[in-house]
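S.K.: Here is what each chain is made of, one letter per residue.
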Amino acid sequence: MDMPLPDQRILHARDGLIARLRGVLPADAVIADPAETRAYECDALAAYRCAPLAVVLPRSTAEVSAVLRLCSQMGVKVVPRGAGTSLAGGSFPTADCVVLGVARMNAVIETDYDNRFIRVQTGRTNLAVTGAVEADGWFYAPDPSSQVACAIAGNIAMNSGGAHCLKYGVTTNNLLGVTIVLMSGEVVEIGGPWSDAPGLDLLGVICGSEGQLGVVTEAYLRILPKPEGARPVLMGFAANEVAGACVADIIRAGLLPVAIEFMDRPCIRACEDFAKAGYPDCEALLIVEVEGSPAEIDAQLARIKDIALRHNPVAYRESGSEEESRKIWLGRKSAFGAMGNIADYMCLDGTIPVSELPYVLRRIAEMSAAVGLSVANVFHAGDGNMHPLILYNANKPGDLELCEALGADILKLCVEVGGCLTGEHGVGVEKRDLMTVQFNSADLEAQLRVKDVFDPAWLLNPAKVFPLDVTASRRAS
Amino acid sequence: MTPLALHPHSEAELGEMIRAAQGPVSLRGGGTRGVAYGPGTVLETAGLSGISLYEPGALTLVAAAGTPLAEVEAVLSAQGQRLAFEAPDLRRALQRQGVSTLGGVVATNASGPRRVQTGAARDHLIGVRFVDGMGSVVKSGGRVMKNVTGLDLVKLMAGSHGTLGVITQVAFKLQAVPECAVTLQTQVPLSAGLALLRRALGSPFEVSGAAYGTFGAALRVEGMQASVRYRVASLKALLGGDWVETAGDALWVGVRDAQGLDDGALWRVSCKPTAAEGVVAALAGVAHQAIFDWGGGLIWIAVQGLGDAGAALIRGAVAGVGHATLMRGTCAAAFAPEAAGVAALSRALRAQFDPKGILNAGIMG
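Chains as they are written, first to last, in our numbering: chain F, 1 to 477; chain Z, 1 to 365.
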């Protein structure tokens, strides 16, 4: 993966820049010591590392504005950072950039149950948003796996999803308004605790813009009353195709589970060895979760069972207690840890039409066999968002490259069957160079024009999302 | 003399027409729901028609933008599915004729009562193709439900009223029609009625409609038979009072289409639900009728006898808590004026997508 060469003019201006940053921020908000900036050299895409010139940790929208205005005046690039949990390198720094972290901005500004929203500073973690309202019976629906650690800022930047978005939608469907600071330092309020934009839906294009358009410092989020209860059922099948057909039948029947999770044999094995969740020995496993009152749950599960039995499951296990629910989810939730226990892995995130599931799983098996790497599949089956995990050995020369090449081929396959490169993790640097597989030059040009409007000098999170050659002239100007 | 209308029959032909355009182009689907149409040569998208993909098992539909909404609804209905966001039919309210198209639904982000539960048209739109103001064909999104690849121009196009490009194809995620729907109604004064709606929306009983009008306060519950029974009983217990149960969707069609608000100017107000009562209170002494949807988050207001269609009063009342669009009648700006920062960004976006300034020119500011 290539990154542009650092701007020597900026590297030489380092001391002056840091002095000026200290002039607009409190002393403890500017980190310049190389021993400390190293903590920000990567996010969760840890294969790539580069310490930034400096890190700033502002505490208010006004401080964010001051930093951006200053960097804008000096022509210094800025890489925004939430909690640094991006799997796509969304907050991967360059040597000539200032990392702007919003982690210290984590306050709840307003909670309003009558109007069903919470307003927070975006450094607050996803789980802490729910934490602020759950005692009163409410929750914030998007639930990325990293929700303990990830920040709302990053959720908005990546339009994060989660296991339960089948029913509740992803971040963009639960975001009502933002305070965004543009690279110029200008603060703009977009949306609010009401529905619809009065004019163009700017909020819609800001959500998921991967830090390309501005730094979101505050957000109005939709909160929902907590369902009365939830219960998962686990089912095992003799073949991936059969599990795929069962998923399609559940959806077709009009049942709306909150989650339908799919694991294939390599993943079931690894999770079982690691978490001892008591999963059956089978080719494919589904976890289907439904919500409601106990009677509603029973009624839904009865329908789901009817459908599942038509597909001859080798195992069918309804949770009968909190403890059993926990065990059913245990393996799935520890999937990534289980994989990490066996080998290094790369986690993909393509989405495919659910009807293509059996074909794509078969092709992935053939492709991985051809290059001699193992792939375990775990994914959100209800919406076709796949997470193939390619196992490799980081210490074996050439293995990472082999893994990346296989990953690229799998993502190309996702696009080929009518899907996309990324369902919820974002493009970042990781999938930047594959964008031309999904988009032609006119499609990309339209996206670049949006960035031109918000960040005309191309200083915010540059060298991400779009292939470098596509953006070269804009970044150079 | 009125210039001849343009009727493209393919995306390529449309691109040629836009490239060749010497002046402004007034875009429309079926002309049934636009807040306003720009000046110049009329361009209608009815010639871009047809469903290109419908996978009931994947809850996905892709169709050309000129496809009639009614045609799509019929095809979906035959499979027990629907577009969940309930696009209104505004022909009577806006005194229009014509055939509503999918492109028009998207361009106006047309959404009905179920929005409180499942979101607006934009939340169900998963892909879009359009021709921009330079005649280039652009696509964004696709046909899958989870897609964060690149900037989300899908959302930007939804509700852009033809000012960024001519939408040529749309992809939607669909919903299965639930087996049962029950409406609960009670006659209570406005303030108490709106409070009941908010209370119901704040309960775990999954209300899919929450409106107030001449019919009183109304709630809708949809789903599996047993679940609906349970939730209806739970709501009655939670809210107290006397609730009448009715079947059928006539009440919700009326709310959706702003029925009965036929006189004077017609406003569509989005606001913080708790602010709804205050917005309408500002019209005390002025002849008006209102329907409250989305638990108070949407108010349709018909106002009579005010010179600026009531713009000063209504926009004054909604300042800081929402915004108001004039749907029928005349005032200085049908779309709500935006704060300077937002207006500047929107203007710059329109200039990027339509540098000649020809697509429904000037309607959004």
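Calculated from the structure, these hints are not laboratory results.
A couple of the hints might just be wrong.
Have a look at the derived ranges for each label pair, beta carbon to beta carbon [said to hold, decoys possible]:
(1) 337(Z) with 1(F): 40 to 48 Å
(2) 409(F) with 77(Z): 55 to 63 Å
(3) 269(F) with 77(Z): 41 to 49 Å
(4) 341(Z) with 12(F): 53 to 61 Å
(5) 13(Z) with 269(F): 52 to 60 Å
(6) 456(F) with 337(Z): 58 to 66 Å
PhoX-like cross-link-like pairs, simulated, lysine-lysine; straight-line CA separation at most 25 Å [to be verified]:
(7) 412(F) with 139(Z)
(8) 173(Z) with 412(F)
(9) 333(F) with 305(F)
(10) 139(Z) with 226(F)
(11) 173(Z) with 139(Z)
(12) 167(F) with 356(Z)
(13) 167(F) with 396(F)
Listed next, the stretches of chain Z that the computed footprint assigns to chain F, with coverage defined by at least 3 CB atoms under 8 Å from CB atoms of chain F [unchecked claim]:
(14) 129-142
(15) 293-304
(16) 316-324
Think of the CB as a built atom: it goes at the ideal place given N, C-alpha and C, for glycine as much as any other residue.
S.K.: So, for every hint listed, does it hold in this structure?
M.R.: Hints and how they fare:
1. 337(Z) with 1(F): 40 to 48 Å: Taking Cβ atoms as reference, residue 337(Z) and residue 1(F) lie about 46 Å apart, which means the hint holds.
2. 409(F) with 77(Z): 55 to 63 Å: 41 Å, violated
3. 269(F) with 77(Z): 41 to 49 Å: 45 Å, holds
4. 341(Z) with 12(F): 53 to 61 Å: 34 Å, violated
5. 13(Z) with 269(F): 52 to 60 Å: 56 Å, holds
6. 456(F) with 337(Z): 58 to 66 Å: 25 Å, violated
7. 412(F) with 139(Z): 18 Å, holds
8. 173(Z) with 412(F): 23 Å, holds
9. 333(F) with 305(F): Measuring from Cα to Cα gives roughly 23 Å; hence the hint holds.
10. 139(Z) with 226(F): Violated. Residue 139(Z) to residue 226(F) sits at ~37 Å, over the 25 Å cutoff.
11. 173(Z) with 139(Z): Satisfied, since the Cα-Cα distance of roughly 17 Å is no more than 25 Å.
12. 167(F) with 356(Z): Violated - the C-alpha atoms of residue 356(Z) and residue 167(F) are around 42 Å apart, more than 25 Å.
13. 167(F) with 396(F): 42 Å, violated
14. 129-142: holds (count 7)
15. 293-304: Contact hint for the segment 293-304 of chain Z vs chain F: holds, 3 residues under 8 Å.
16. 316-324: holds (count 3)
Figure legend: structure checked against the earlier numbered hints; hints not met, in rising order: 2, 4, 6, 10, 12, 13.
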